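There are 4 protein chains.
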Amino acid sequence: MEPKSLGNEKPKLRVGLIGTGFMGKTHSFGFAAAERVFDLPFELELHTVADRTEELAGAAARTLGFKNATGDWRRLVGDPDIDLVDITAPNAFHREMALAAIAAGKHVYCEKPLAPRAAEAAEMANAAVAAGVRTQVGFNYLCNPMMALARDLIVTGELGEIRSYRGIHAEDYMGDAESPFTFRLDKVGGGALADLGSHALATAEFLLGPIERVLGDEVTVINSRPDGKDGRTAVEVDDIGRAFLRFASGATGSIEASWVATGRKMQHNFEVYGSRGALAFSQERFNELQFYTTAEAGRVRGFRRIQAGPDHPPYGLFCVAPGHQLGFNDLKAIEVALFLEAIAGIRAEPFSFRSGQRIQELVEAIHTSATGGRWVSTA
Amino acid sequence: MEPKSLGNEKPKLRVGLIGTGFMGKTHSFGFAAAERVFDLPFELELHTVADRTEELAGAAARTLGFKNATGDWRRLVGDPDIDLVDITAPNAFHREMALAAIAAGKHVYCEKPLAPRAAEAAEMANAAVAAGVRTQVGFNYLCNPMMALARDLIVTGELGEIRSYRGIHAEDYMGDAESPFTFRLDKVGGGALADLGSHALATAEFLLGPIERVLGDEVTVINSRPDGKDGRTAVEVDDIGRAFLRFASGATGSIEASWVATGRKMQHNFEVYGSRGALAFSQERFNELQFYTTAEAGRVRGFRRIQAGPDHPPYGLFCVAPGHQLGFNDLKAIEVALFLEAIAGIRAEPFSFRSGQRIQELVEAIHTSATGGRWVSTA
Amino acid sequence: MEPKSLGNEKPKLRVGLIGTGFMGKTHSFGFAAAERVFDLPFELELHTVADRTEELAGAAARTLGFKNATGDWRRLVGDPDIDLVDITAPNAFHREMALAAIAAGKHVYCEKPLAPRAAEAAEMANAAVAAGVRTQVGFNYLCNPMMALARDLIVTGELGEIRSYRGIHAEDYMGDAESPFTFRLDKVGGGALADLGSHALATAEFLLGPIERVLGDEVTVINSRPDGKDGRTAVEVDDIGRAFLRFASGATGSIEASWVATGRKMQHNFEVYGSRGALAFSQERFNELQFYTTAEAGRVRGFRRIQAGPDHPPYGLFCVAPGHQLGFNDLKAIEVALFLEAIAGIRAEPFSFRSGQRIQELVEAIHTSATGGRWVSTA
Amino acid sequence: MEPKSLGNEKPKLRVGLIGTGFMGKTHSFGFAAAERVFDLPFELELHTVADRTEELAGAAARTLGFKNATGDWRRLVGDPDIDLVDITAPNAFHREMALAAIAAGKHVYCEKPLAPRAAEAAEMANAAVAAGVRTQVGFNYLCNPMMALARDLIVTGELGEIRSYRGIHAEDYMGDAESPFTFRLDKVGGGALADLGSHALATAEFLLGPIERVLGDEVTVINSRPDGKDGRTAVEVDDIGRAFLRFASGATGSIEASWVATGRKMQHNFEVYGSRGALAFSQERFNELQFYTTAEAGRVRGFRRIQAGPDHPPYGLFCVAPGHQLGFNDLKAIEVALFLEAIAGIRAEPFSFRSGQRIQELVEAIHTSATGGRWVSTA
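As you go down the protein sequences, you meet chains X, B, H and C in turn.
Following the numbering used here, the residues of the first sequence are numbered contiguously, the last one being 360.
Following the numbering used here, the residues of the second sequence are numbered contiguously, the last one being 360.
Following the numbering used here, the residues of the third sequence are numbered contiguously, the last one being 360.
Following the numbering used here, the residues of the fourth sequence are numbered contiguously, the last one being 360.
Just chain X, same shape as in the assembly:
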């Protein structure tokens, strides 16, 4: 048997991954799936993974399918063979790593939040533009085919004039007052608004366009957490963040973020109300979109549960049959494919550092508003 050995003329794109935790794994799953599901513009090479020590990195490389490992992320960033640096390290390191990678001429893919302060995010976004590299922040929920359908129904006017919006992102992973203090709980980490509200804000602007003004509310529910020794550390950030919103379009709305919402695991929900229709969505059932239209006769009107399928690209590339459902990791594969297409120049960057900066600006404005108890412009 001599089957033809197959050529592959696509250009290579070599990936360096920094960080191997929850998001590091998710990204590596995303790379693996994207290669199989999409006709990518590049042949991916999972080149090097960096972690705190060489041992950790080596173990992760084997698990995640990378060829090389290093305990020093600067070596990865400086490696001339690497084209794309993927940053999933703790938030506090994003800025330094991204700036170094940009300086080395790499395309940079960074988990959210991009930076603890908007000014730093702006510095990162500006650096990328100046260097002419492509960037992406990991707003994976926006990669959902049903989110694209939602935006399309809004943009094409099927809901009429958009009037109001309600967005939520609530989970309960910080709900136990005895769960220990972590990096998320100091001011640099950012709080529920920065961690989860960022998703709610990204979804709001993805669907309804720019937010012009916000009126914020922030609450610390659990004032101290065990410090891991025998004492407790004061918590400096919000456990719940809320905001009223004014969109440039004239629509108004609200968002809420909570990481102490007992029982909620993925309540990234939104409702959109227009003059002729409405949408409702929950990330807990993200393969569905609820759609209401006044175009139906009164007696048969109702919210219909649309199930994701090949009518909702790129679902069909994952599965030719509707109703079978994408998973969370599949959203990451779509995110990877979008970034590679942006690098190849096939499309604009969908979630560049500039959009990451934008979300940080909104988070910061809400914080400023909540502190002062007054509306703050975000135009």
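Treat each hint with caution, since some may be false.
Because identical chains cannot be distinguished in the list, a pair is counted as satisfied if it fits within a single copy or across any two copies.
What the hints assert, rightly or not - When the alpha-carbon atoms are kept at most 27 Å apart in a straight line, the in silico BS3-like pairs for lysine-lysine are as follows: (1) K48 x K(-7); (2) K210 x K168; (3) K(-9) x K48; (4) K168 x K(-9); (5) K210 x K(-7).
These aren't lab readings, by the way, just hints derived from the structure by calculation.
Only a predicted model underlies this, so the values are computations on that prediction, with no experimental measurement involved.
Based on these hints, arrange chains B, H and C on the given structure of chain X.
Frame of chain X; chains B, H and C shown alone:
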């Protein structure tokens, strides 16, 4: 056949009803059902109904089962035979009618909102206290057995310390920009916050206790409405009202009211999050309550859908079998029974004019807050 | 004050009620509500109630609003003043009571099941036809406005050619093996198929028309029950009944009845599949109907949740606002109104004894089929 | 930079894939994800893909990540370098391909249905046992962590004694009468019962153990289909198949399969009722399981919606956070991992050809039963 003719030693309570629209009918259904379902402390006599003309009142009396009719509500209020005056006339008349009835020594049952301004509601509540008559405002959603269960789960600590609250009351009956201008749309009428937000606020305090501070947001979505001639009238009230809340207990939350939420017919929803559990509820399925508790083992935790049944009094008086469901009019029957028991001195007034005044104060505070863009005390 | 004392020229209809348990109460609620909600062709007079003793009957008369009471149902049936005899006594007495009432020239309203055997039901139906009186069996689920909508969507062809049907009626009130033996558990009582399957069969024929053949399955899950002394009594009837169905229309389907379905309180569900659409329904949320149509564009197709409202008569007579929901007792009020209209000659009898007989024939055919393990004709 | 080049001491397992359609792609996604998510006992090498022509195979190899391609599946099967043959070709070829692969000493992974007739499936299963190779049939729905939870709750007695079962697998991909005749529609293809009912039967036995007797029902709804020229071809198989079931445990139940259920995309549902609890599941929301237990106090009993998370292995290997959801392709990755562990001897074959044979026997028994209209033993 000579079956025993049955005596009935209960004291009589003679009812006068003012107004025969949506709520007038609902109240008369409530009286009829309450008599059959409950062992009331009184024998009800539906004595007189008043409407704008004698003809209208006469037709309504026949339909609604009242013995007499009048085109002059003052005659009804002045009739010494009448014990209870039930006011379902348009909101603008509530104050005058109620004060007259109180002055005549009647118990007064009044639809919400009690009055357009809190000061007027206070006047009404004070007058009732001074006169020693019993009063009730029609907060029928609070009469739901599942609402009682929700409050009980909170009060007995099954949710742990209560942390946050999210309340909504959204419908779409004012959603069509071409629906004509009505009394609801001038300043006296009050807007969505007064009409629907009052329900959301009543539910919030029913469940979590007093609200201390609010930060409001009000929006007029449809700026003018057809005036019924060939022009349009400017709308002076909110189509959407929102508020952030601080409860005396330390919990925080939000409410939203909208009457332009296309597709929503009865989205009177709430979510309550505590340190050990959570609740979720929608009036669209008001015979159900969602309950989450961390007392379950991790792998089998989840929001459970409790269906109303005889375990949730007074459901069992309506139906001995669970899952059969109460209807909206049944809630009114419970409301009637509660008021009659208060009149008989068996229980405290559950929703007296004082509680109606309280809701108006909250509505007013939110309006003041929204106008000024700052937190306002409601203590 | 001299309001006009109101006349009422409607003819009187005097009601005699036999039985004061679950269904006796429900019927009396139905009479009370029907008077208020509907413009009935008669003025109802709740004349006499009969129970096992005069004392019981007297107490019930006071509670249920009847004028007279008797411990002897034969006196009620023989009273020339009574026009309509309403039978809610235990199933075993239905035949004797109904035949006596028919012989006395009364219209007869009888709870289901009409009789333990189809031949007896036929005898009752024949007697009523011969006597020229009107009859009705209590198939209240069929009085739901959403059930009417479902049938209308089928009959008008909005679902295309109907292909298949799935019906269930499952509850759990006999699920505890230690709940005592009752009349329902001997052969005359009938079992789950007779008690609950009768509802499933009535719904199936209401929606899809006549069933021609059945293939049955019956199971006794709990073989004996406590006899109330110290022993146990053998159970002679089915706890679960199932059948495959062939409709005259060519459609096929199945039904299942169970009273040992732990956790189910009112799982009276159906699904209908046609060539161009589908319906799904659950009595647990009976103010909703799920509707799917292929007339929508592919990407926005989905089952829509239609909420009951004034578009679905006679909902609007109960409440002018959609989404507020009817309750179980409201369905009984509709049932009462339908029967009074049939007595007045305004409409055909919607659920006459003939239709009750039909359901018994189907139950019997399924029993015969299950015993023999073969298809049985029901044409 | 000289990061350590990483060794990998795991033994290699070289895969040959036959067929590149829906399931061919899904399997290749499964291999890719399994490598990243699991610590597999082998290093996978995607060696060769076979399709009808060398060109098709070559294109698929590039897309799916295989090194070699061939237009002749016999060459793949005969290649001594290949350890595992994965068959996703049309059903009609399964037997011949599998027997050839077994004869060549390969482990064989085959999509369902294993063979059109149980006798052929038995031949395949026997051959595999005789050759000492490992086999697996693609029952991916059983790989769902929530399905494992369901079985565990049953086996550990949390539902008490299991009484009844209701299983469904309904879709609508054959619902259009004008969709052309395909291989699925002749007797060898098998019909809805073989294609979808096989899933329902596999789930039933997975959860409740062996089925002893069946009473079947089969219906052809669309009697002819366009033949692709100008005529129509008669359809020889069932569009809907149903069966009543007797389990060896004493439980009873039913299954239904339909591929003409308009609006249904993935209605692979089940309900299990025990003496102390119940389960309900729908593959349309396969990251959830509904669980009811009588261990709760009456007033807070209800079906709870358990969301998949790290408490439900191997979910946590895909994602450390609950509620994020697995996708359909992730189930295939689990299936792959299970097979590789069986090949490595770490576990028994979870879904061997013997279990595939079993399902075919059940399908065949139902067909025999439906044809004869009588109960058939499946012990």
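Here is what the structure says about each hint:
{"no.": "1", "hint": "K48 x K(-7)", "verdict": "both (15 Å within a copy, 17 Å between copies)"}
{"no.": "2", "hint": "K210 x K168", "verdict": "within (21 Å within a copy, 60 Å between copies)"}
{"no.": "3", "hint": "K(-9) x K48", "verdict": "both (20 Å within a copy, 15 Å between copies)"}
{"no.": "4", "hint": "K168 x K(-9)", "verdict": "neither (45 Å within a copy, 45 Å between copies)"}
{"no.": "5", "hint": "K210 x K(-7)", "verdict": "neither (49 Å within a copy, 47 Å between copies)"}
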